[in-house]
Structure formats: C-alpha cells, structure tokens
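Throw the hints in and build the complete structure from the sequences for me.
Chains as they are written, first to last, in my numbering: chain U, 31 to 312; chain H, 633 to 885.
There's no promise every hint is true.
What the hints assert, rightly or not - Covered stretches of chain H (chain U as the covering partner; in silico rule of three or more C-beta atoms under 8 Å from a C-beta of chain U):
id	stretch
1	662-672
2	714-728
3	736-746
4	781-794
No wet-lab data here; the hints were simulated from the structure.
Backbone N, C-alpha and C fix where the C-beta goes; we use that ideal spot for every residue, glycine too.
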Amino acid sequence: MANRSSRPLSRGPIGSTLNYFWLPVVLIVVWWFASAGSQSFFLPPLSEIVRVLWTDLMNGKLLRETLFSMRNVLLGLFIALVLGIGFGLLIGRNKALRVAVWPFLAFLRAVPGVAVVPVVLVAMGVGPGPQIFIIVFGCTFPILLNTIDGVRGIRESIIDTARAYRLPETLYVRSVLLPAALPQTMAGIRISLSLSLTLMVVAEFSAGNAGLGRYIMQGQEAFRPAQVWAGTIYVGIVGYLLNVIFLFVERRLLGWYFGIPRRAPRYRTAPSSAGKAIKPEA
Amino acid sequence: MERVPVRQVGVFVLFLLAWAATTQFGGVSPSTLPPVTDVAGALLGLWGDPAFLPSILRTVRDALTGLMIATVLGIAAGVVIGTSPWLERSTRLLVDFGRSFPQIALLPIFLIAFGATSTMKIVLVSIACFFPVLLQTIYGARRLDETMADTVRAYRLPMALRVWKVTIPAASPFIFTGFRIALIVSILVAIGVEILSQVEGMGRQLAEARNFYRTDIAFAYAIYAGLLGVLVNAAADRVEVALLGWHLRSQEA
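So this is what it looks like as structure tokens:
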C-alpha cells in the first residue's frame, strides 16, 4: 500500500489505460480537425494522409517497399551484431590488443555514418548491397566498442574464478564473458537500431531506387505532400515497432540485470555506455 | 605507460599499409577506393580550398545551434514531465514514438515547408537532439532519491528553488549522458541534411566531390568529419569534468 500512495487517482486498468492514451488521442483529433479544410500545400488534411496511407497499404505498394527496407536493416543489423560481438569479445579480453586498437576504433566510430553514404553509393551502385554495407559500417562500432567495454568491466574475481575452475574456452565465452558484457552490448545495439533507420532513410533518399525512402521521395517529386506525410508517419510507426520488439527481447535477456523479473523499468542509467566516450583504460 | 603510443600508432600505420596494398595490387578502381596517397593529398590540399574551412564552420555552427535549442527545451520539458508521474504516463507513447522515429525522414516535409536553408537544418537538428536530452532528463528527474525528496518536502522549498537547486543538479549526470548522445546526433543529422539537400556545409562539399567523381576529396571530408567527432567528444569530456566533477569524484570513491 505504502508504495502505491504516490500513484495518482487513475487506478485500475481503465484509468491507467486512459492515462497512457488520452494525450496522443487528443493530439490526433486536434490535428484531424485543425487540418480538415487545409488548403496549405505542405499541410494536407490528416484525412487525406490517412486515405493515401490506407490505399498504398492495401494495394501492396507500401508493403513491397517495407520488405526491401526491412530486409536491409535487419540483415545489416545482424551482420553488425555478429561482427561487433565477435570482435568485441576477442578484443575486450586481450589487454594489449585492446589498448592498441582503441584509438583507431574510436576514430572509425566518430566518422558519421551518413558521410560514407555518397562514397559507398558511387563505389557500389544501387541495390540492396550498398544499403546493407552502409548500415553495417555505421552500426558495428557502437556494438563493438560497447562490448569491448563490457568485457573490460568484468570483475577480476569472476575471471579468476572461471580460470580456477578451468572452464573450457567455449563455455567461458558463452556463459561468463557474453552475459557479463550483455548489458553494455544491448545499450550499443539500441544505439545501432535507431542509427540503422537513419542510415536506411538517408541511403534510400540518396539512391532512390527502392524502399520506404523512395516512397517518400516519390511523393515529393510528384508534388504529392500527402504521400510524403503518409510515408514519413509510416516510417515512424515501423521504427516504433522495432523499438518495442527490441525492448521485449532486452527484457527477456536482461531481466536479471535490471533485477525486476517481469516489468523492466522504462528508463535506466545508460551505464556510461550510451553516447559516452568510453575511456580506454581506467 | 609508454611515452609515445607506439602500438596505437602502429595500428594506424598497419591500416594505411593495408589500404595502400589494396589499391596498388588489388585492382580496385580509384573511384571506388582512391589510393591512400591521393586521399593524403586531398587532406592537405583542402586547406587551400577557400570553401573548406567555411563549410566546416557552417556545419559546426548549425549543429551546435540546434543542439543548444534542443538542450534547453529538452531539459525544461524533461523536468516538467519527470516530476509528475501522471504526465510521464500521459506523454510516454509520444516520447517513445519520437525517440524511435528516424528524424531525418522529416527532411522532405521540411524542404517543402522551409526550403533548403540553414534554418531548416537547425530545426531538424534540434528535433533530432531533443529526444535524447528529454529522455535522460525525465529519467534523472524521476530518480530523485527518497531522502532528498523528503527533505525538499519537509523544508517546503518553493517550486523554482526546488527545480534549480535540487531537481536539475540531481539529474545533471543523466542530462549530460543525453547531451552526449545528442552531440553525436547533431553532427550526424547536420551532415546528413547537407548531403541530401545541398544546404551549405561539409556534407554538401562531400556530396559535390562525389558528383565530380573526386572520391579522394569525398574521403578526405569523411575523415575530417570523423576528426570533428573525436574533437567534439574530447571537448564534451572536458565540459563534463568541469560541470560534473563533484559527481565523478563521488563515484570513484
């Protein structure tokens, strides 16, 4: 009872659902009516935007572009994940190697992913290949550097214990290193996830041959602002869903870390991980 | 530790050698991967280009302007939302939507609305930077520990005093984490906008070099963008120590 006292009046499932949804609903309704008779070229009525979105969803056009974009994003993220975690574990446990390569990796990470887009597109042309390459380039380093830092942060006593028990190599990596680095690694993956969407959009705007970015650009070129809006909102929804999936997976994998078995906290201390430049050696 | 970081420098040298070997013997066309010597030449030659420094300054200025706007708004909104559980729940969906949205996708809409201008770039940068700051501020403001909250209540601190002297300082380590994320985002988005929309800045120079198949210059700009990132990060380290020295010291203890 005591810890519930700080909660506001909206008790019960209906009250709390209302608490979460009232503001978005109000905003959408306001937008709907405020834009209803809009003659402004770049602010079409919301009803028009929704109509375009619905039509293109139903005729499969939007779905085709989604498949192209999402395949690139997921494949790119997967490769970045394998490279980032693999090399992260390798580099993280070897101090000499870690010290030697850190400045180099830190520099590569600082190169904004969008800056490689024009270069890669010239080199590799259009199609899924360059799109995936750009996402891999941008998304590997946050995962890699965070994993290295996660491995580095493991307490000596844990490593000594594992050594004392002569854990076989694979078991050591899989059940000591990986779980210990996981919280940091996940923070890196989260950064990479949003980065991958940004890179996808920029690369598709630049190449403009396929994908959700192309869908938006088409609207712009054809002077159909409703399509631009529809595509933009749609990309937002896709991004939101990806994030929801990520949080679900993270909660599954890291429930033990947050110390809360079922409901993970929404915010957490990005443990020196998120945007923070991680020092090479303490 | 050694005075000269031999190993660290060695890694860079090895990388450059590998690059040189690839272009020398690998049979890649120079428009794909320019020889390392060409890029080195471009890195130096750019200093003679009158458009070079202004473009960097332009990018930095616009990115930082957007960042500052976002920081002020993000902290203000974050403190308000973070101190009210009811407001926090009411805005949760919107905040989650905003943070997972790739803000650069707004570019076409912004181009129609504002045209290809610096203002448009700054507005887009500030939207992108707003969410990391907002999120971390909400988190920091929510985490005010029980003793502190009780003390504030016991002394009946006025609202303004509470926000300035308690909530913001207590949340400042988190706010700074948000600021750091936003800092990286600001440069990323600024350069992204410049590449896509031809607004003045490094990104535009890079894209133009690409259009003339001067891949060496494009590489040089990408490298300078990386150095800019390193520099900006180092500056953030300094600021963090200056502003949050008390917190960092208390953590080390």
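Hint-by-hint comparison with the structure:
Check on the stretch 662-672 of chain H: 3 of its residues sit with their Cβ under 8 Å from a Cβ of chain U, so the three-residue criterion for coverage holds. For a cut-off of 8 Å, the count of residues in the stretch 714-728 of chain H with a CB near a CB of chain U stands at 9, and the three-residue condition holds. Counting residues of the stretch 736-746 of chain H whose CB falls under 8 Å from any CB of chain U gives 9; the rule of at least 3 is met. Interface restraint, the stretch 781-794 of chain H with chain U: violated (0 residues with C-beta to C-beta distance below 8 Å; minimum three).
In summary, the one numbered hint that this structure violates is 4.
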